[in-house]
Amino acid sequence: MMALFFRDLKLSIRAGGGAMIGVLFFMTVVAVIPFGVGPDLNLLSRIGPAILWIGALLASLLGLDRLFQAERDDGSLDLMLMQETPLLFTVFVKCAAHWASTGLPLVIASPLLGLFMNMSEIAIGATMLTLLVGTPAITFIGAVGAAVAVSLPRGGLLVSILVLPLAIPVLIFGVSAVYAAIEDPAPFLPPLMILTAITLFFAVIGPVAAAAALRHASD
Amino acid sequence: MMALFFRDLKLSIRAGGGAMIGVLFFMTVVAVIPFGVGPDLNLLSRIGPAILWIGALLASLLGLDRLFQAERDDGSLDLMLMQETPLLFTVFVKCAAHWASTGLPLVIASPLLGLFMNMSEIAIGATMLTLLVGTPAITFIGAVGAAVAVSLPRGGLLVSILVLPLAIPVLIFGVSAVYAAIEDPAPFLPPLMILTAITLFFAVIGPVAAAAALRHASD
Amino acid sequence: MRLIAEGLSAKRGEDLIFNDISFVLDASEALVVTGPNGSGKSTLLRVLAGLLRPERGHVKLEGGPPEIAHPSEVSHYLGHRNAMKRELTVAENLSFWQRFMGNSPGGAGVGIADAVEAVGLPDIAHLPFGYLSAGQQRRMAMAKLLVSHRPIWILDEPTAALDAGADRLFAELVKAHLEKGGIVIAATHQPLGLNRTRELHMKGFEHLAGDHWHDA
Amino acid sequence: MRLIAEGLSAKRGEDLIFNDISFVLDASEALVVTGPNGSGKSTLLRVLAGLLRPERGHVKLEGGPPEIAHPSEVSHYLGHRNAMKRELTVAENLSFWQRFMGNSPGGAGVGIADAVEAVGLPDIAHLPFGYLSAGQQRRMAMAKLLVSHRPIWILDEPTAALDAGADRLFAELVKAHLEKGGIVIAATHQPLGLNRTRELHMKGFEHLAGDHWHDA
Amino acid sequence: MSENSLAIRKFSDLANPTRFLALADRLLPWLSGLTALFFAVGLWLSFTTEGDYQQGETVRIMYVHVPAAWLSMMCYSVMALAALGTLVWRHPLADVSSRAAAPIGACFTFLALVTGSLWGKPMWGTWWVWDARLTSVFVLFLMYLGLMALNRALDDPARSSKVSAILVLVGFVNIPIIKFSVEWWNTLHQPASVMRLDGPTIDPEFLRPLIVMAIAFTLLFFTLHVAAMRNEILRRRVTALRRLAARSAGREARAK
Ligand code: HEM
Ligand SMILES: Nc1ncnc2c1ncn2[C@@H]1O[C@H](COP(=O)(O)OP(=O)(O)OP(=O)(O)O)[C@@H](O)[C@H]1O
Ligand SMILES: Nc1ncnc2c1ncn2[C@@H]1O[C@H](COP(=O)(O)OP(=O)(O)OP(=O)(O)O)[C@@H](O)[C@H]1O
Ligand SMILES: [Mg+2]
Ligand SMILES: [Mg+2]
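Protein chains in written order, with this note's numbering: chain A, 1 to 219; chain B, 1 to 219; chain C, 1 to 216; chain D, 1 to 216; chain E, 1 to 256.
Hints are computed from structural coordinates only; laboratory data are not their basis. These numbers were taken from a predicted model, which means no experiment stands behind them. Hints should not be assumed to be uniformly reliable.
Stated by the list, open to error - Covered stretches of chain C (in silico footprint by chain A; criterion: 3 or more residues with CB under 8 angstroms from a CB of chain A, positions within the stretch not fixed):
hint, stretch
1, 50-61
2, 73-82
Said to hold, decoys possible - Cut-off 20 angstroms, straight-line C-alpha distance, at most; resulting in silico cross-link-like pairs (SDA-like, lysine to any residue):
hint, chain 1, residue 1, chain 2, residue 2
3, C, K203, D, G120
4, E, K162, E, L93
5, B, K10, D, F100
6, A, K10, C, L88
7, D, K11, B, H216
8, D, K203, D, G7
9, B, K10, D, L88
10, A, K10, C, Q98
11, C, K203, D, A164
12, E, K179, E, H189
13, D, K203, D, T188
14, C, K60, A, T85
15, D, K203, D, S22
16, D, K203, C, R168
17, A, K10, C, A83
18, D, K180, D, D114
19, B, K10, D, R99
20, A, K10, C, R99
21, E, K121, E, F110
22, E, K162, A, S218
23, C, K203, D, D167
24, B, K10, D, A83
25, B, K10, B, V23
26, D, K11, D, M202
C-beta: ideal position from N, C-alpha, C; glycine also.
Please model the entire structure based on the sequences and the hints provided.
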């Protein structure tokens, strides 16, 4: 299993470069929004967390559609389906590798971008934490979409359409957690807990559904 | 040549719904935003144009990296390289087809989306115009990246560094043009002109560079 | 150990490709599947490999390891595609599959170096897989069969793109596997140079309609 | 019309694959390229098809249409991959290539229906290409040679995955093309069933010559 | 042996769709008749009962809006059930049912959105607000469209049915979100006043027409659904026959 993890990492570094694309897109989002809200700095810092989250959400869609398509195209998927190890784990590990190569860089880049949006230290910290907890959920949800679209020529847009609505709860609680952290009265922990719960929930549901879809898509 | 255009369109439609998919995608993206920044309508209307432009960038990034890789993987690229018709045209037509299936739907859907973000009529009109003028540039830039990705088997990272930084100016001019249109003092035409210039520039440079890259890619 | 297929029939899309195929393979027996293009050889192999659910009938393994659910879990499948990543070197590809697949009970795979040696390409394991020629790629895909032990080999046109020398080499590998008590099922158009093998000739069902949207 | 190759040599990566290959092919002559795996057959064909720049030497066409820059512009290339889209139907694929390639001066391609008929699969042109079996796909890729006229055919292991019947069928196609004054260059491991063809046997350089880092 | 076993199986398989078609033909007239009847009564009721003292005439929108909204959710639930049927019992009709339901559900959702925003203008002074209830319904609408797009993308039903079924099930998480969004987030939209554990808290004056209209809408849904399923089955038969025709034609061509 670790073999799969490292192999996918290696691939994403050699072939994909997906990490860079994601981060750069993330930066682009953050760079463009200020033109919208204008010079008003404290408004900027107010919507900062939301922008970061939206950017992360959209950025993690990049490359998601190829998660299983690439395996299918060169026949690796067949062998993975045949193994004794439950397909569930295989999918889970692939998600983990994908997150490590695209989600993690976003989390790491977020403080820097937070500074651009002149967010307070605490806001930056909270955002980073929520992203760290929340983005895996997006990957797991995305795995379902990728598995469903595995036999499609160019899943890109379709996968995102299937994935985004399901990812909305993650976004809601992620953002609300950050704001709870900023505005003292509201407690920070509950929303963070909910976010963790959502991630765990999808960490189970996602691989299960994706594995089922892969089994039935194979022909 | 038209044959190529329609074939690429058909391919993107086979991926489901074609233009419908495109519109649906942007509706989804727009629907996600309020969950982040909250229901505050006039904030939404202010960042609306930026959101639409980001959506456009995302949509083109989603399918673009495969623009030539798909052709390479099934050997079609070889035949295209061999033809008498200059490779330049082939690349150009492929870009056109790609834009027609990702950029155009956004342009068409933008008024609707604008209403959702309750943007003013003039803002909607300006956004639509800038998108119509600007999005092709993104496609052409992306084409270069896609071609490089084919020629350098491990060029994924280079691609991302190549495409997005070039695309950011387009976004910035596009967005600022819209805001110039909204806020009276700033003139609308100059940024629009610059945007057009950028697009025309890349409409020439893009295919040339991409064709060159592809020639060296073949081995 | 014996592999038993009973009354298999399979669909592709809505069409029944073949109907009611049954056979029994004992240890160290080989089955060669022949037939014209489109007669359903690959489909049959995919059914045996558990990649396609048969319409009717079933495949089971007797005398194999008790804990397996489907024979495919102790099978190698070599399809038309090689299941190797172009960007990774041959060695990386092989060692990945070795560690990912592990060994079935009752045997152990050979090392990467030996496997590459066995397919006659000892000196290019360090090249990216995408750099190899068609035949070299196919040979490396065969090396994949050696690095992790599976008693059952399911091979779809293994010798496509192989030169004469490699053909012989492949025949040797298969013979060795059979002598170790393995089972081999291969679909092919060219004689594999194996002696005393059972043969299954698919006529091709000409797609008699098996789907329920027809009225009687 | 005659195809002339003079002192061709080509590199892959850093290694010289072959060195100083020359030949002349007149109209209605066929050249069969043979050799072990990795000996450089595909590389040579890609050089002839203009897809790979030769290290030294050049390819030219005499007596062909004057306006062409490189013989590849009047050549068909059938590589290891079929250059067809899995998602589109066979008919869509073929008609695309027909319209995209057009015809070289001095001939015209046949219609889709006839081409599909000629490769013996008249009834499945409406299926998505991805639904076809390996051999059916290869046959359809051959139909691609017929739908648009090219005097020169460059074929890389054309008969891979074909059954016996299809082999004969392919031999017929090639013969017909030669009789019409065409030129055929084919790399293969199995006899193509063509009579009176020239043969070029590649030994395979074992990557010694021309490698700058070896001479101490 | 193989031949007749095949024949038997074919019979048992096509039994379902064929029986269903017969049933549908008998059912449809009645369903449509009932639907028309209830709509007549419902509309009459909703326009004769006097308007609300503060909402005025606009309250009548409720009689369309609320049933449409309910149906939009019920339709997705039906699809989820059908998806279960596809995955668990492998029933050939289940896939047909969920495929047929998607467009209908999209229409009802669209109706709920439109009437809702029509109502929102007088009530909240704006066509649209991005509050949880409204947006979650909008997301439901998007999900319907997404599923329709997916079904069109994976054209071959034999392969696509299970896959899209899985997606339907995963998407079901949105339904409770819609239903309870009003409780979980503070929204402009009013909380459930009819479908509550502790009986409806709404004036019977409004309740009566609402109930009638709800029944009418439900009947309408089933009418449309059955009709759509019948069309889907017929469509598949036609394609199957066409493919067979093509194949056999080719065989004759080869025979001679
Ligand atoms: C586009 C805007 C709207 C949407 C998408 C929408 C959606 C919904 C939905 C999904 C329900 C079903 C709730 C349930 O069964 O628990 C519902 C019920 C209802 N809506 Fe709306 N609504 C919208 C606007 C409005 C407006 C403007 C009003 C009036 C001020 C309104 C009044 C009601 C009422 C009274 C119910 C019945 C609640 C119950 O009795 O359970 N809605 N709406
Ligand atoms: N893209 C590439 N990059 C670097 N080296 C390559 C590449 N493709 C092939 N080679 C090397 O060039 C040599 C010749 O390859 P080529 O494909 O021409 O052989 P071939 O005669 O076609 O073999 P086969 O019969 O297996 O097709 C091989 O040793 C291979 O390792
Ligand atoms: N994915 C698919 N969907 C629908 N039909 C398919 C699919 N794959 C194959 N078929 C059909 O099933 C039949 C059998 O295909 P199969 O690949 O088993 O033939 P084969 O014996 O392997 O032929 P070949 O010798 O060319 O490999 C063919 O007629 C083909 O059209
Ligand atoms: Mg086959
Ligand atoms: Mg070769």
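Hint check:
Coverage of a stretch by a chain is defined here by at least three residues with a beta carbon nearer than 8 angstroms to that chain's beta carbons; for the stretch 50-61 of chain C and chain A the count is 3, and the condition holds. Counting residues of the stretch 73-82 of chain C whose CB lies closer than 8 angstroms to any CB of chain A gives 7, so the stated coverage by that chain holds, three being the minimum. Taking the CA atoms of K203/C and G120/D, the gap is about 16 angstroms. The hint holds against a cut of 20 angstroms. Note on K162/E and L93/E: the hinted pairing holds, with a Cα-Cα distance of about 12 angstroms set against a maximum of 20 angstroms.
Restraint check for K10/B and F100/D: satisfied, since their Cα atoms lie roughly 15 angstroms apart, inside the 20 angstroms limit. For the given pair, K10/A sits about 8 angstroms from L88/C by alpha-carbon distance, which is consistent with the 20 angstroms threshold. Pair hint K11/D plus H216/B holds up; C-alpha atoms about 14 angstroms apart against a cutoff of 20 angstroms. The straight-line distance between the Cα atoms of K203/D and G7/D is roughly 16 angstroms, inside the 20 angstroms bound, and the hint therefore holds.
Only pairs whose Cα atoms come within 20 angstroms are accepted, and K10/B paired with L88/D is accepted, the gap being roughly 8 angstroms. Between K10/A and Q98/C the CA atoms are separated by roughly 17 angstroms; this keeps the pair inside 20 angstroms, and the hint holds. The straight-line distance between the Cα atoms of K203/C and A164/D is roughly 14 angstroms, inside the 20 angstroms bound, and the hint therefore holds. Between K179/E and H189/E the alpha-carbon distance is near 12 angstroms, which keeps this suggested pair within the 20 angstroms criterion.
Restraint check for K203/D and T188/D: satisfied, since their Cα atoms lie roughly 14 angstroms apart, inside the 20 angstroms limit. For the suggested pair K60/C and T85/A, the alpha carbons sit about 19 angstroms apart, so the restraint of at most 20 angstroms is met. Taking the CA atoms of K203/D and S22/D, the gap is about 15 angstroms. The hint holds against a cut of 20 angstroms. For the given pair, K203/D sits about 19 angstroms from R168/C by alpha-carbon distance, which is consistent with the 20 angstroms threshold.
With a C-alpha separation of about 16 angstroms, the suggested pair K10/A and A83/C falls inside the 20 angstroms cut-off, and the hint holds. Restraint check for K180/D and D114/D: satisfied, since their Cα atoms lie roughly 17 angstroms apart, inside the 20 angstroms limit. Distance hint between K10/B and R99/D is fulfilled; the C-alpha atoms sit about 15 angstroms from each other, no more than 20 angstroms. Our distance criterion of 20 angstroms between C-alpha atoms is met by K10/A and R99/C, whose separation comes to about 16 angstroms.
For the suggested pair K121/E and F110/E, the alpha carbons sit about 17 angstroms apart, so the restraint of at most 20 angstroms is met. A distance of roughly 11 angstroms separates the Cα atoms of K162/E and S218/A; the hinted pair therefore holds under the 20 angstroms criterion. In summary, the hint linking K203/C to D167/D is supported, as the alpha carbons are separated by about 18 angstroms, within the 20 angstroms threshold. Between K10/B and A83/D the alpha-carbon distance is near 16 angstroms, which keeps this suggested pair within the 20 angstroms criterion.
Between the alpha carbons of K10/B and V23/B the distance comes to roughly 17 angstroms, so the proposed pair stays at or under 20 angstroms and holds. For the hint pairing K11/D with M202/D, the CA-to-CA distance comes to about 15 angstroms; that is within 20 angstroms, so the pair holds.
Going through the hint list in order, the structure satisfies each hint without exception.
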